[in-house]
Amino acid sequence: MGHLSLINGLEEEFKVSIAIADAMEMTSVQHIKKILKDYKVAP
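Numbering (the numbering used here) for the sequence shown: 1 to 43.
It should be emphasised that the hints constitute simulated quantities derived from the structure, not laboratory data.
Note that beta-carbon positions come from the ideal geometry of N, C-alpha and C, so glycine has one too.
Each hint should be verified, as a subset may be incorrect.
What the hints assert, rightly or not - What follows is a set of in silico ranges between Cβ atoms, one per label pair, in the way DEER data are often shown:
1. M1 with P43: 27 to 35 Å
2. D38 with E12: 17 to 25 Å
3. G2 with Q30: 28 to 36 Å
4. E12 with K37: 25 to 33 Å
5. G2 with K33: 27 to 35 Å
6. E11 with P43: 17 to 25 Å
7. K33 with S5: 14 to 22 Å
8. S28 with N8: 12 to 20 Å
9. G9 with D38: 17 to 25 Å
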């Protein structure tokens, strides 16, 4: 449940819709940063 809350929070904060496949890959802060960069919402 925590993972879903994190994804939901990221989507709300950055105004993006994260694909399920990308959400599943978000297993570390490094992965989260990389994916958000791919969505062009993080430096």
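Next item on the list: Evaluate the given range 17 to 25 Å for the C-beta pair formed by D38 and E12.
Entry: holds (18 Å)
Next item on the list: Please test the hint of 17 to 25 Å on the beta carbon pair from G9 and D38.
Entry: holds (18 Å)
Next item on the list: Look at the Cβ atoms of M1 and P43 and judge whether their distance stays inside 27 to 35 Å.
Entry: The hint (27 to 35 Å, Cβ to Cβ) holds, given that M1 and P43 are roughly 29 Å apart.
Next item on the list: State, for the Cβ atoms of G2 and K33, whether the hinted interval 27 to 35 Å holds or is violated.
Entry: Check failed, 18 Å falls outside 27 to 35 Å.
Notebook entry, point to check: For the pair E11 and P43, does the Cβ-Cβ distance stay inside 17 to 25 Å?
Noted result: Hint holds: Cβ distance 18 Å, inside 17 to 25 Å.
Note to self: Given the hint of 28 to 36 Å, is the C-beta distance from G2 to Q30 inside that range or not?
What the structure shows: Cβ of G2 to Cβ of Q30: about 18 Å, so the range 28 to 36 Å is violated.
Item checked: Verdict for E12, K37 (Cβ pair) under range 25 to 33 Å -> violated (18 Å)
Next item on the list: Take a look at whether the Cβ-Cβ distance between S28 and N8 falls inside 12 to 20 Å.
Entry: 18 Å Cβ-Cβ, so the 12 to 20 Å window holds.
Checklist line | K33 paired with S5, Cβ distance criterion 14 to 22 Å | finding: holds (18 Å)
The structure fails hints 3, 4 and 5 (numbered hints given earlier, in ascending order).
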